[in-house]
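J.: Chain by chain, the residues:
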Amino acid sequence: MEKLIIKYLTGEATTEEAKRVREWALESDDNMEIFVKEKNLRVATMMPDVEASDSEADAFISLLREHDKKLQSNITKPNNLRGWFIAVASVAAVALIILSVSLSVFSNKNKNLNNQLVFIASQQLSYHENSTPYGVKGKVILPDSSVVYLNSGSSIYYPAKFLGENREVDFSGEGYFEVRENSAFPMKISLKNGMSVYVKGTTFNLSSYENDKSLSLLLISGSVSMLDSKSNELVKLLPKQKLLLDKRTSKISIIRPEDIQPTVGWKKGWLIFDETSMPDIIKRLERWYGVNVVVKDSSIMTKTLTAKFREESLSQVLELMHRISLIDYTIKDSTATISSFFSR
Amino acid sequence: MSGNISRVDFTSDELFFRGLYKEYYHKAVYYANQYLNDYEASKEIVQEAFLTLWERREVLDFNHNIGAYLIKTIKNKCLNELRDSIKKFQNLDSQKQADLILNQRSLLDDSSSLIENKELSLQIKKTLEKMPEKMRDVFLMNRDMELTYPQIAANQGVSVKTVEYRISKALAMLRKNLAEWL
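Residue numbers (our numbering), protein chains in the order written: chain A, 1 to 344; chain B, 1001 to 1182.
Keep in mind that the hints were calculated from the coordinates and are not lab data. Honestly, I wouldn't trust all of these hints.
Here are the simulated PhoX-like cross-link-like pairs (lysine-lysine), alpha carbons at most 25 Å apart as the crow flies [claimed, not checked]: (1) A:267 to B:1022; (2) B:1043 to A:69; (3) A:19 to B:1088; (4) B:1088 to A:70; (5) A:283 to A:303; (6) A:37 to B:1126; (7) A:7 to B:1022.
If you anchor each label on the Cβ, the simulated ranges turn out as follows [what the hints assert, rightly or not]: (8) A:254 to B:1113: 50 to 58 Å; (9) A:28 to B:1164: 28 to 36 Å; (10) B:1129 to A:244: 48 to 56 Å.
If you want the footprint, here are the derived chain B segments under chain A, 3+ residues with CB under 8 Å [to be verified]: (11) 1049-1055; (12) 1117-1129; (13) 1143-1155; (14) 1172-1182.
All values derive from a computational prediction rather than experimental measurement. Glycine included, each C-beta is placed from N, C-alpha and C at the ideal position.
Based on the sequences and whatever the hints tell you, model everything.
T.: Here's what the structure looks like:
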């Protein structure tokens, strides 16, 4: 019987065997005692020895704060004129606080060590917008504790609380989304070009910079549907597939890249060019380093580059491009000027 | 203030609960789920238990074993939930109901507090140390990383059968070394 109980507890017992274990345990108190001890020892043995992540813990803290606010608003229900006045005054105070919060986001004072901004969804605002300037990456925790990593020059707009049929957010730029599973309540991500992304619980990388010629979505896990509001076309992706949209022709292609690092490496600090064309390289350098890049010879715009950088400075990147005879360059203040290697 | 919190903005109570949550959250959800057989309900109950503790933080003694208090709160909430679901499955699914009754009886027994027993966890650690490395790796991937057998097989470059074999060996070894607690 002992062997059967263990099979039952590990979930390996057949329907018949499980039935036998249940009947045997319910037969007598002695049997039940044996079963109970076996079960409880197993629970203790298999207890996972892992900690919750920092982002989970941060989401928990914002939950506590939201909880406190709810309790407080229940206590201070205004029931007379004086009460109303206090309520109005506290709304005004909240408005002041919000203003200062929003300002601090944009003044970069809350940069942490890794040059990352950490945003946590405010519970007070009806809507919230978080942006990363060029040269800075960030991380946003949404009200449902979904996490979005923002690459430089990205922006996300979302309500303090998700209500209605969808979890709706507006997005531009590049982000790595870890969307919390909720099959009854999909997340809808609206993009500036009229497309929307629908997800239930997935991880994916979305690149939709307004000044890029194409838009891309790489699905890591789960499932994603994209809706084009103009053509009303719905595209579904499978994990490891990458959708590319040519914005000019509206042509959609789906590829399966061998390596996902060129797409998602930015999240870990990699700047990866994979046969990237010069116009794209320039845009990426401007976003990554928060600089202007001026091109003196249009002839270099036809060149491509395959290279991988991590924690290199802009001058180191340009120096490498110079050494492989791609370009000449000068850097002054926050402007890099590049010209053809052969124009000297 | 919660527009954007950095670690320096945490109050000391928040810091304390943050630590408590990090340490206990996954353990607590696992624990509740072992008795409720319902992952979503387990997550909810654990969340509620943390909030209950948070509301009572003024009267709780942080120096006292607060983890034990948390587990006790979760246990009580699970017992309430079990009572209701056992009623619900009556006449519906007698096997499912029997599972829940077995879980209820297990949770009511003192041995359901074994998870807080320091000597037992020490004994588990010692047994893990004694295991051959490959056996321990595979076991911990299953237990702590919640990887499935095929995922572990792919990671270790061995067959699923080998993974199954190593985990069953690890479990047998643990059970043998922990037999005194039965």
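J.: Now tell me if each hint is right for this structure.
T.: Consistency of the hints with the structure:
{"no.": "1", "hint": "A:267 to B:1022", "in the structure": "holds, 24 Å"}
{"no.": "2", "hint": "B:1043 to A:69", "in the structure": "holds, 22 Å"}
{"no.": "3", "hint": "A:19 to B:1088", "in the structure": "holds, 20 Å"}
{"no.": "4", "hint": "B:1088 to A:70", "in the structure": "violated, 32 Å"}
{"no.": "5", "hint": "A:283 to A:303", "in the structure": "holds, 14 Å"}
{"no.": "6", "hint": "A:37 to B:1126", "in the structure": "holds, 21 Å"}
{"no.": "7", "hint": "A:7 to B:1022", "in the structure": "violated, 32 Å"}
{"no.": "8", "hint": "A:254 to B:1113: 50 to 58 Å", "in the structure": "holds, 54 Å"}
{"no.": "9", "hint": "A:28 to B:1164: 28 to 36 Å", "in the structure": "holds, 33 Å"}
{"no.": "10", "hint": "B:1129 to A:244: 48 to 56 Å", "in the structure": "holds, 51 Å"}
{"no.": "11", "hint": "1049-1055", "in the structure": "holds (count 4)"}
{"no.": "12", "hint": "1117-1129", "in the structure": "holds (count 4)"}
{"no.": "13", "hint": "1143-1155", "in the structure": "holds (count 4)"}
{"no.": "14", "hint": "1172-1182", "in the structure": "holds (count 5)"}
In summary, the structure is inconsistent with hints 4 and 7 from the numbered list given earlier, while agreeing with the others.
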